[in-house]
Every structure is written in C-alpha cells, then in structure tokens.
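Protein sequence lines correspond, in order, to chains A and B. If you use this note's numbering, the first sequence corresponds to residues -11 to 395, in order. If you use this note's numbering, the second sequence corresponds to residues -11 to 395, in order.
One thing to keep in mind: the hints can contain errors.
Note that the list lumps identical chains together, so a pair holds whenever it fits in one copy or between two copies.
[What the hints assert, rightly or not] Dumping the calculated DSBU-like pairs for lysine-lysine here, alpha-carbon to alpha-carbon at most 35 Å: (1) Lys3 x Lys133; (2) Lys133 x Lys(-2); (3) Lys179 x Lys285; (4) Lys24 x Lys333; (5) Lys312 x Lys15; (6) Lys247 x Lys25; (7) Lys3 x Lys155.
It should be emphasised that the hints constitute simulated quantities derived from the structure, not laboratory data.
Residues per chain, in single letters:
2 protein chains.
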Amino acid sequence: MSESSVKFNKISISKRAREIQGSPIRKLAFIAEARKKEGIKIFHLNIGQPDLASPLAVRDFMHAFSEKTIEYAPSNGLPPVLNAWKNYFFHCGIHFHENEMIVTTGGSEALIFALCAVCDPGDDVIVFEPFYTNYAGFASIANAKLTPIPLHIEDSFQLPSKEEIEKHITPRTKAILFCNPSNPTGKVYRKEELRELVDLALEYNLFLISDEVYREFAYEKKPISIANIPEVFEQAILVDSCSKRFNMCGARVGVLATKNKEVLDAVLKFGMARLSVATVEQLAMVPMLNNPDAFVKPMVEEFHRRRDAVYERLTRIPDVTYYKPEGAFYIVVGLPVNDAEHFAKWLVEEFDDNNETVLVAPAQGFYATPGKGKNEVRLAFMLNVPDLQRSLEIIEKALNVYRGQFI
Amino acid sequence: MSESSVKFNKISISKRAREIQGSPIRKLAFIAEARKKEGIKIFHLNIGQPDLASPLAVRDFMHAFSEKTIEYAPSNGLPPVLNAWKNYFFHCGIHFHENEMIVTTGGSEALIFALCAVCDPGDDVIVFEPFYTNYAGFASIANAKLTPIPLHIEDSFQLPSKEEIEKHITPRTKAILFCNPSNPTGKVYRKEELRELVDLALEYNLFLISDEVYREFAYEKKPISIANIPEVFEQAILVDSCSKRFNMCGARVGVLATKNKEVLDAVLKFGMARLSVATVEQLAMVPMLNNPDAFVKPMVEEFHRRRDAVYERLTRIPDVTYYKPEGAFYIVVGLPVNDAEHFAKWLVEEFDDNNETVLVAPAQGFYATPGKGKNEVRLAFMLNVPDLQRSLEIIEKALNVYRGQFI
Chain A
-11 MSESSVKFNK ISISKRAREI QGSPIRKLAF IAEARKKEGI KIFHLNIGQP DLASPLAVRD
49 FMHAFSEKTI EYAPSNGLPP VLNAWKNYFF HCGIHFHENE MIVTTGGSEA LIFALCAVCD
109 PGDDVIVFEP FYTNYAGFAS IANAKLTPIP LHIEDSFQLP SKEEIEKHIT PRTKAILFCN
169 PSNPTGKVYR KEELRELVDL ALEYNLFLIS DEVYREFAYE KKPISIANIP EVFEQAILVD
229 SCSKRFNMCG ARVGVLATKN KEVLDAVLKF GMARLSVATV EQLAMVPMLN NPDAFVKPMV
289 EEFHRRRDAV YERLTRIPDV TYYKPEGAFY IVVGLPVNDA EHFAKWLVEE FDDNNETVLV
349 APAQGFYATP GKGKNEVRLA FMLNVPDLQR SLEIIEKALN VYRGQFI
Chain B
-11 MSESSVKFNK ISISKRAREI QGSPIRKLAF IAEARKKEGI KIFHLNIGQP DLASPLAVRD
49 FMHAFSEKTI EYAPSNGLPP VLNAWKNYFF HCGIHFHENE MIVTTGGSEA LIFALCAVCD
109 PGDDVIVFEP FYTNYAGFAS IANAKLTPIP LHIEDSFQLP SKEEIEKHIT PRTKAILFCN
169 PSNPTGKVYR KEELRELVDL ALEYNLFLIS DEVYREFAYE KKPISIANIP EVFEQAILVD
229 SCSKRFNMCG ARVGVLATKN KEVLDAVLKF GMARLSVATV EQLAMVPMLN NPDAFVKPMV
289 EEFHRRRDAV YERLTRIPDV TYYKPEGAFY IVVGLPVNDA EHFAKWLVEE FDDNNETVLV
349 APAQGFYATP GKGKNEVRLA FMLNVPDLQR SLEIIEKALN VYRGQFI
C-alpha cells in the first residue's frame, strides 16, 4: 500500500530513520562485551579510540576548575577557545580569524552543519569510497545524498582522473567531501590530486569540505590543508577536531572554519539552535591547542612505529591485500574470504587462540556502492606494537581456521 | 533566474541555510557586550541561563577525576549515566529502562533526533505558539515544517479545542511537539488538555514529542509527564535535560526516552553517527540525577519567589498584558509598543537609567506565524528578586520614554 494513497497511516518513523545504517565500527561491540564475560581477551582494532593516556594538562585543568556556574558557552564557542583554535591553526601554517570559525561538538557536528549549510534534501555530495562510515549517517541526518566514487587498494587509493570524477557531477552536486589524511585508507592526498579537486570546485561551483582531523598523523609527507589554497577560500569548509591529536575523543570539541561568510552565518544559526558546546571540555582544550607539539609529537612517533609494525606483519600473511597508509591510523585490508562481516563476527564471537581474539570493523559500511568492500576490514592501530603483532597473528590463525570451515 | 533552469549555479548555500532564523534570544547579546564596555550595567532577562551556582557535587567530581584516558562514551550513553537517568525518572514516578533511552548533547540534540526520526523533508509537526524559538532551528536542520497553532495571552495560553487543532492536521502531520511546563509561556498543561493531545495522537497516528526539561519548575501543580499515559506509550517521545534543573546549562547533557522501539533504534543510529556525548560532563551528572532533591528543591523555591516578584511588579506597570506563569521561569509580556524588537534593541543600545538597562528577548521569534508576537517580549527570571524588581522598574521607565519618542 503506497503511503500517499492512505490519508492517515499507521504510526511510522521517517524514511531516513528507516534507512540510516548502524555503525559498522560499533555494531559488533556488544558481542565483544559478552565474550569478555566468558573470560576471552579481546584486542580492539575496530574503533579509533586511542589506548594512550589523555594529556595531563587536561586533568590539571579539571582539578583546578573553580567557576561557580557552568554556563552556556556562546554559540560560536568560548572566546579563549576560538583564540586557541586560531593559534593552533597558525602553528600549522593555516590562517583563520576567530570570526571565521565556530566551535562544534566534535568534528561530527561540524560535518552535519557543513552538509546542512550546502545541501537541501536530495542534493548530492561526492565522496571517495571507502570513506569514513559516519559520513553516511551525517548525510542521512542532513537528508543529503552521497555519490560515491570508488577508489581501489590496488591503485593505492589514488583519485581517479578529473574526467572520471566529472562523470558523477550533476546539477544537484553541491560539494566534494574528503578526509585528508584519510580514514579509513591512510591516504594523504598528493598536491596534484588536490589540484584536481580545486579545479573541479572552481569549474562546477562546488564546495570542498575537507576533514583534516588527522593532520599530524602523517608519516611520509605533510598533508596540504584546503585552507592553504587561496583560489578556493570562498568554497572551502575545513572540519577539525581535538579528538585524535590530543587523544581526547570523549571531549567532543571540534571546529568548522571557513572564509565563506554566507556559510559561516548559516552555520552560526544552526549553532544558535543547539545553543552551545560543553563548556568544561571546551576550556580544557585551550592549553592543548595553544601548545600542541609537546603532546602530539611523541604520540605521532608511536603511531608511526605502529603503522610500520602492522605493515611489516601483514606482509607475512598470505593472500591479503592492503595499501601502506601514509597517514591517520587505520588500514583497509582485503581478506581472502567472501564475506568479511561474517568473518569479523565469527572472529569475535566464536574464535579464540589461547583465550584471545580480535575485534575488527567490516569495511562494507565504509562503502556506499552495494557489494563493494565485502571482503575488506578496517584495522585501527589502537594497541601497542606487541599487541598489534599478536592481533595480526590471531587474525592469521583465524583466517586459516575460517577458510577450512567456510568459503 | 530559477535554480533549475541553470545547469551549474554560482556557488550558493542551501535553502534551509538561507532561511533559518537567528536566535532572538541571542541576537541582541552583541549589543549588550558593547554597551557594557561603555560602563552601562546590563540586567540580562533574555536567556534562560540561571545566575545561581552550579552544584558543588559537580566541582567535587571534577576535582577527583582520575581516568587516564577521556574516551568516547558509548553512543547511547555511559552505563552509569543511563542508570542515573533511570533512577531520576523513577524518582519522578516515570518508568524507563536503560534500553529505552539515549543520552544526548542537551535537550537540543534529543529534539533534533526526534524530528529526524519521525519526519522526512516537508513533513509537518504541530506546535503551539509562542513556542521555544529553537524548535524552528531544529526543524530547519531536520527539514521538517512547523505548523503553528496560535495561543493567546488573554486566554491564559490554553490549548484550543480538539476540533480547532484537527483543522491543522494533514496527511503529512507526523507529530505534535510541546513543552510542559512551557518555555516561553510558563503554562503547565491541564489533564484535559493532555487528554485532547492524546486523543488526537491516537486518532491520527501522531507522535507526541514532549519537552519536559522544566519538570520541577512548577509552582501550582505537578505537571503530568507524557510517559505516564500508557495509551500513548508507543507514540510518546520524552525529551529531557540536566541543564535547567541542575543549573548545568553548559554541560549539555540531555536524554531522549521512548518505549517505541523503532524510534529508539533509529535515534541510536543517529547517535552512532555522531559517536557520543562528552564523557566528563555526562559522568558529572550522575550524582545529581541520583539525588536531585537536595539541589533542586531550594532552587525551585527561589524561582517561585522570583515568579511572584515579577508578577507583582508587572501588575503595577500600565498597559502591559501577561499570564501568570505556573511553571518554567519565563513570562511573555505584551507591551504597549508596535514593535517590541525595536523597543528591545533601543532599550539595550540607547536607554539607561542611572547607567543601568535591561536585555530582553523579543517574542516574535517565538512565533512562526508572520506578524504574531510583534508587541511581545519574553523575560527570563535569571536574577535575584531585588534585581528583577529593578529590571522591571527600568522597563517601566523605558516604556515611558520610548512612548514619547516612537509610536
């Protein structure tokens, strides 16, 4: 029975609510919890929640907190926090005034606001798949449509030609959304690739939404910020967050920065609707943003060692495919199985080696094209080097057992 | 030139972004800041940011915080926080299991999620105006359409008859959204009024989204929660928040609770997309939710005194109209001016009495019907009794001056 043929339907939720996918990163987590209760140790490679300690400066800030009233912050962010973001960007060679930014509840809210600001329902945003799976969730909330352009492990996830991307642009295409360095591929875009995106943006009047939350996690070359390409200043929306670089995922402090005044004004109005970002956690980020290196540099060195260890260990597992990540702290691995989600579930639910197993994120949820990524998983480098090596050993053993039982 | 007639438009933001209104509560705040720099004292009656101290238990929690890593919380909320919400609700005579709730970034996010869960773009939600102005912003973000039904000061803001409301219901009406006790009217819905809404929900298969963040701020009778009407369990979505009752506006910890599993599953997926609510501020709310009365009761007594003082002082100002609020901490006042926004701007920008003036919220932004509320302002009881009395004295004097200068 079509909905429009009936005057008043049975109570029902919205189409977007019916269609939004669950998080592939989080959906096996319940099984892992149950398994832990059976005494099985689980190595978590599923989620980008760093295992390292949060900065001591944050705890010091909390211990010294003496404000009488924890008030609403201004909708665009607390002045010292805006100033600290400005200082942090300046330190990175990126120039934004305080009035070109709004503090957001994590990079997540910045992305939702960016999509709402540039898209009306049914408008398109181009993404390169595999992409950070939550982009699909943000698009559902914003009622935007993601147009995925596939990249391939075997091509080092490089962007297709300008002509190839052009084929996907329609009059309803409003933006290209990308993550640089990329979650989940570890790709850091080359200058020529960014040039191609800039040319497309200029030619087709598109916004470029650049998610740069992994900026410092780059092991070969420094990523180029979208905010350093003056030609697209008016079309660039930069999304950033404290979560990863300060190991403060639980703080939910991000930022949206743009020199496009129309976008900023609109985003500020969305921001006014939701009032403000958590006051204490905003303030706790000020010392980190003002002095990032002391914390970030040694952490990135540790992730560099982890990246190398994962890569080295993977070379010894037969029949897997992968691309050596240049940045972020994830790797997409093609497995010699038909259904990586089935494997991942089996791995955490049924398999163990000496009472230990591994939780990974099936990569299919990082694709929007049906059927793509079916044999892939994403691993996050969230453990120390010996634990990562042990996790890959478990995966190798599990693959051998699994391939004897399933096709 | 119509947008669809051109293949690739000049870069432009979305329609929803162009149309979203700024916050009438916050838009004069910039002027107030400038005026303060000139040495003028401003009494803030514009925003519901209580002036009282936040609970000491929250500061104690922060001072004792010792977690090594500030991790992502689970998307549905940290287990002790869900448990504390359950305990809090139980204390209020409301019964929800932990798995019927999701912790949200303030009541704001709960309302955005509720609208996204029940509406597709262009679907209608009925609201009674004046309504909490940010409902319009949430609707813009969710691309839902608000259908306002006017209430009137002179009728004590009582709901119209069932037949009158029915006239506004269309096949695209998905929900009735209301605030009880109400911001901005101070209305606490009578049993018969809720009965009417319940009957309409049952008859037309509508969701009832009930914003109950002011539950304890009720000076005449206890409000009835939507969650205490078993007939609409499957159609009720309860929105709540710690902001007001624990004077923790800056913490941004709310909750969405519903016995409708489909809604809850959808909201959880929206929640997974944005990952989690700030970890520290969630945890800081646990002692408050587990033991609300010690803090809440004396605070509500203070607001009761303020409500009485405002009401008493208003009776002595000629030509103003108002309804004595039974709950929350706002009052909508009809002023003897043609354009209350012009008056409010003039009041904060140009007027002073002994170097003091007042910032109020023009009420027009609390209406969706064009032209409605043009002569009204909303006052929030955010000052102690003497300061409230002084503020109303200033408003009275300002009205006399203004009416000599403007019509």
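Quick rundown of the hints versus the structure:
| no. | hint | in the structure |
| --- | --- | --- |
| 1 | Lys3 x Lys133 | both (13 Å within a copy, 16 Å between copies) |
| 2 | Lys133 x Lys(-2) | both (27 Å within a copy, 20 Å between copies) |
| 3 | Lys179 x Lys285 | within (24 Å within a copy, 62 Å between copies) |
| 4 | Lys24 x Lys333 | within (14 Å within a copy, 61 Å between copies) |
| 5 | Lys312 x Lys15 | within (26 Å within a copy, 50 Å between copies) |
| 6 | Lys247 x Lys25 | between (51 Å within a copy, 28 Å between copies) |
| 7 | Lys3 x Lys155 | both (28 Å within a copy, 26 Å between copies) |
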